[in-house]
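Asker: The residues making up each chain are set out below.
There are 4 protein chains.
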Amino acid sequence: MDLASLRHRVSAAIDPEMRVQPGLSPFNRLVVTGIIGLIVIAVLETEIHVIRHYGWLMEALKIGLFLFFAAEYALRLWVAPLNPKYTSLWRFVRTPAALLDLVVLVTFVTPFLGLEASVFRLLQLTRILRLARLGRYSRALNLLFDAFRSRGTELLLSAMLALGLMLGAATLLYLVEREAQPEGFGSIPRAMWWAVETLTTVGYGDVVPITPLGRFLSAITALCGIGIIALPTGVLAGAFSDAIRRAREDRLHEHPHGRE
Amino acid sequence: MDLASLRHRVSAAIDPEMRVQPGLSPFNRLVVTGIIGLIVIAVLETEIHVIRHYGWLMEALKIGLFLFFAAEYALRLWVAPLNPKYTSLWRFVRTPAALLDLVVLVTFVTPFLGLEASVFRLLQLTRILRLARLGRYSRALNLLFDAFRSRGTELLLSAMLALGLMLGAATLLYLVEREAQPEGFGSIPRAMWWAVETLTTVGYGDVVPITPLGRFLSAITALCGIGIIALPTGVLAGAFSDAIRRAREDRLHEHPHGRE
Amino acid sequence: MDLASLRHRVSAAIDPEMRVQPGLSPFNRLVVTGIIGLIVIAVLETEIHVIRHYGWLMEALKIGLFLFFAAEYALRLWVAPLNPKYTSLWRFVRTPAALLDLVVLVTFVTPFLGLEASVFRLLQLTRILRLARLGRYSRALNLLFDAFRSRGTELLLSAMLALGLMLGAATLLYLVEREAQPEGFGSIPRAMWWAVETLTTVGYGDVVPITPLGRFLSAITALCGIGIIALPTGVLAGAFSDAIRRAREDRLHEHPHGRE
Amino acid sequence: MDLASLRHRVSAAIDPEMRVQPGLSPFNRLVVTGIIGLIVIAVLETEIHVIRHYGWLMEALKIGLFLFFAAEYALRLWVAPLNPKYTSLWRFVRTPAALLDLVVLVTFVTPFLGLEASVFRLLQLTRILRLARLGRYSRALNLLFDAFRSRGTELLLSAMLALGLMLGAATLLYLVEREAQPEGFGSIPRAMWWAVETLTTVGYGDVVPITPLGRFLSAITALCGIGIIALPTGVLAGAFSDAIRRAREDRLHEHPHGRE
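Protein chains in written order, with the numbering used here: chain A, 163 to 422; chain B, 163 to 422; chain C, 163 to 422; chain D, 163 to 422.
Because the hints were derived from the structure by calculation, they are not lab data. Cβ atoms here follow ideal geometry from the backbone N, Cα and C, with glycine treated the same way. Don't take each hint at face value.
[As the list claims (entries may be wrong)] Derived contacts from chain D toward chain B, CB cut-off under 8 Å, selection only:
no.	residue
1	G185
2	G365
3	A399
4	S403
Could you put the whole structure together from the sequences, leaning on the hints where they help?
Answerer: Shown next, in the form of structure tokens:
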């Protein structure tokens with residue numbers, strides 16, 4: 163096998179857009195595994211207890227991952243000109259995706275960055291998303307995005323309604339509770355913290371109304387919170403129901419005599 | 163251009179009902195931006211930390227917004243008689259919307275109102291709603307309101323069921339926990355506070371049963387809380403699914419040969 | 163007008179089953195209002211602060227409500243034999259509904275019952291339900307009950323799944339946290355309290371895992387809690403969607419040329 | 163009646179696969195009741211207060227249940243060869259289900275296991291699931307599993323989205339709050355605990371942001387939590403709606419002239 167044909171085979175294995183078969187290549191599945199490893203390490207090495215007990219393991223894994231991703235980046239540089247989208251090496255290097263990968267590689271060799279390097283490495287999550295869009299999740303991703311897009315205005319309106327309700331509830335509780343609890347309800351932005359907690363039904367309990375009128379208004383706010391959850395859920399449920407039915411009808415239209 | 167034609171053009175720019183094209187005019191988009199600014203300032207100026215550091219900025223922005231809205235109000239007075247709905251200036255001034263705008267303008271020049279002025283200014287939120295109803299959100303708003311109206315009785319029944327369940331749970335916990343915790347469960351209204359927290363799954367945790375029987379009943383109440391969320395969500399999801407299907411069928415009916 | 167025809171008119175006004183027109187009679191709407199008043203007083207009079215300030219008002223309202231409901235009961239005794247369902251006075255008196263109403267009347271004249279009398283009076287809530295079933299809510303109530311009944315097995319299965327998950331999560335956390343927190347996780351029933359709080363997303367926060375493994379398992383439990391909410395909601399949404407579609411198709415079947 | 167025909171009748175009563183009629187046999191309903199009793203006892207006997215007061219009752223019930231399940235196991239050994247799936251006794255004994263039942267029997271006679279024996283007995287829950295699959299819940303179980311399987315990729319994607327959001331929120335809060343609260347936000351894994359609590363809307367309140375920027379980001383995270391609940395709920399609702407409609411169409415196809 164000569165070098166040119168090897169280069170073409172490497173291109174098909176590395177660049178999802180140069181692959182003929184559907185789904186991710188075995189090499190790119192390895193890349194996804196590597197990114198997940200990278201992210202797990204980036205998350206764990208911010209924890210002092212992990213560093214104290216498994217610091218040497220973390221360092222060894224990071225060196226291994228750095229070598230793997232450096233080699234992978236070099237190979238991508240080599241085969242990039244084969245993809246008609248880039249044509250030249252320089253065009254590939256300038257793409258945001260390639261720049262991000264370069265930044266991540268650089269964070270490995272800049273110890274002065276300290277823990278902040280972990281945060282940069284988390285940006286590799288976006289690369290998983292990019293690969294997923296090309297792999298077997300593409301159809302499901304399209305269904306989800308279609309449902310969101312087709313009901314975008316209704317979902318935006320639900321969010322605006324939620325914001326308006328939040329502002330109204332915060333203002334009322336500010337008027338009612340500001341004297342009893344200046345720390346928690348002494349201004350509308352402070353009362354907003356309580357309103358978000360209540361309307362989303364999170365309810366940490368760090369700020370809670372104590373006056374009878376405040377509790378009465380809070381109860382009504384909590385009940386409205388059910389609507390704030392029910393409204394977008396109902397809109398999305400209707401959108402998915404519609405998207406699934408349309409997909410079935412399209413298939414029946416193409417194969418009218420077969421049954422799904 | 164003479165004054166009469168200028169007045170007509172101003173009317174079309176300011177009064178959404180006098181505009182021929184769909185959507186909001188550029189001027190009314192500026193008004194919406196101004197109202198959002200007004201509300202953000204009204205919210206922030208209740209917070210003492212903001213006033214201390216950015217008080218001068220707040221005052222400058224308020225003067226700017228006052229001049230803008232005063233000029234806008236004057237222009238609306240000038241062009242109101244052109245709208246056949248009002249015919250006379252006096253009829254326009256008496257509409258609730260115009261009265262509210264006047265009140266908001268007055269709050270800017272009455273320093274003795276203090277922070278309460280901010281609360282009045284929040285009423286401008288309703289004007290955003292009025293403008294949204296005329297703008298590009300009108301169709302989505304209609305869909306949401308239609309879904310609510312078509313299943314209004316079912317949603318009301320869900321709310322009544324929730325209230326009944328709340329009352330029942332509060333009464334049981336009052337009977338079981340009143341001796342162990344007179345502060346939190348010493349009366350049915352007090353136990354209602356716990357019941358709302360639990361059935362809406364907010365769960366602040368400021369009032370929690372401590373007796374084994376109380377905890378058992380509380381667990382059952384929390385599980386019922388799932389039904390309280392699932393019932394209206396399911397009703398709304400069915401209503402949206404139906405509304406979306408009807409909208410599609412109407413379109414197919416009008417254009418039977420085209421596909422959506 | 164002679165006595166017999168008066169008795170028939172009273173019967174039509176009091177007994178919803180003897181009424182020709184649909185909906186509740188004006189008299190029964192008054193009864194519903196009276197029951198709501200009864201319940202509000204029963205709830206409020208358990209609160210010592212209310213009794214201290216408005217005790218005389220409560221007593222006056224209770225006397226008024228007692229006289230009203232005593233008169234109403236007497237009238238119902240008078241007209242009961244006209245309803246073919248009862249034929250004799252004794253048969254009417256023995257119905258559970260009439261017995262309950264008698265018990266509520268008796269609680270008014272037995273001061274030795276104390277606050278427990280309030281709890282008995284709350285049982286009148288069931289009478290509102292009975293009247294609602296005959297009034298204009300009957301159609302919506304039927305839709306809700308149909309949706310529940312048609313998917314009863316699926317909802318029961320969801321509940322069993324939730325119980326199984328709860329038991330599994332409680333057992334795991336009991337094994338992991340019992341040494342660190344014997345008070346909160348020292349036995350499976352105690353850990354169940356935490357499991358209910360977490361799976362229903364109530365989250366009071368009175369019992370929270372503190373070991374790293376306990377927190378990891380708790381995080382997974384909380385994520386499963388989303389499924390516990392999503393499953394019955396999805397089942398109900400599908401059931402409502404189906405019920406609404408069937409109702410429309412039935413109407414189209416009856417009036418094939420009209421549009422809904 | 164001779165022994166061979168008795169053996170066949172016992173086989174039909176004990177082995178759900180050898181039963182001709184649909185549903186569970188009366189004997190297997192008794193077995194289900196016995197398993198529920200076993201689990202309730204396993205749960206209760208971990209609680210010291212129960213053991214102290216009802217220890218003798220627990221012991222008596224355990225002896226009774228042990229005798230019942232030992233006899234049942236012996237009968238199943240006797241009739242197993244009649245089922246063509248096993249043919250020989252040894253093949254039946256080696257099935258995971260029979261091994262698990264044996265383990266549970268052994269835990270009754272090994273007092274050195276202590277409380278851990280209860281945990282083993284909880285594994286009998288899986289046997290209820292196995293029997294339910296054969297009983298009248300089989301159709302509903304199939305509907306639930308079908309809905310999950312048909313939308314498996316979308317549900318997996320929702321979970322991945324939730325994980326990504328969780329990681330993103332935890333990283334941001336770690337950067338913002340680590341100095342103010344090193345105990346709760348000092349590393350990304352610690353901040354993950356807060357992120358799970360917030361995105362699932364559990365909200366224990368043991369770790370809560372205190373800086374203004376942390377609270378602002380937390381509010382946005384809580385609002386995203388609504389989406390994390392709405393997305394899988396909407397997907398499942400659409401899947402159930404579709405499954406119910408398909409089931410109806412299949413029935414109409416088979417009986418085209420009858421109405422459901």
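Asker: Take the hints in turn and mark each one as holding or not.
Answerer: Taking the hints in turn, this is what the structure says about them:
1. G185: Violated: closest Cβ of chain B sits about 28 Å from G185(D), beyond 8 Å.
2. G365: This interface hint holds because 7 Å falls under the 8 Å limit.
3. A399: holds, 5 Å
4. S403: With a minimum Cβ separation of about 6 Å from chain B (threshold 8 Å), the hint on S403(D) holds.
This entry does not satisfy hint 1, going by the numbered hints stated previously; all others are met.
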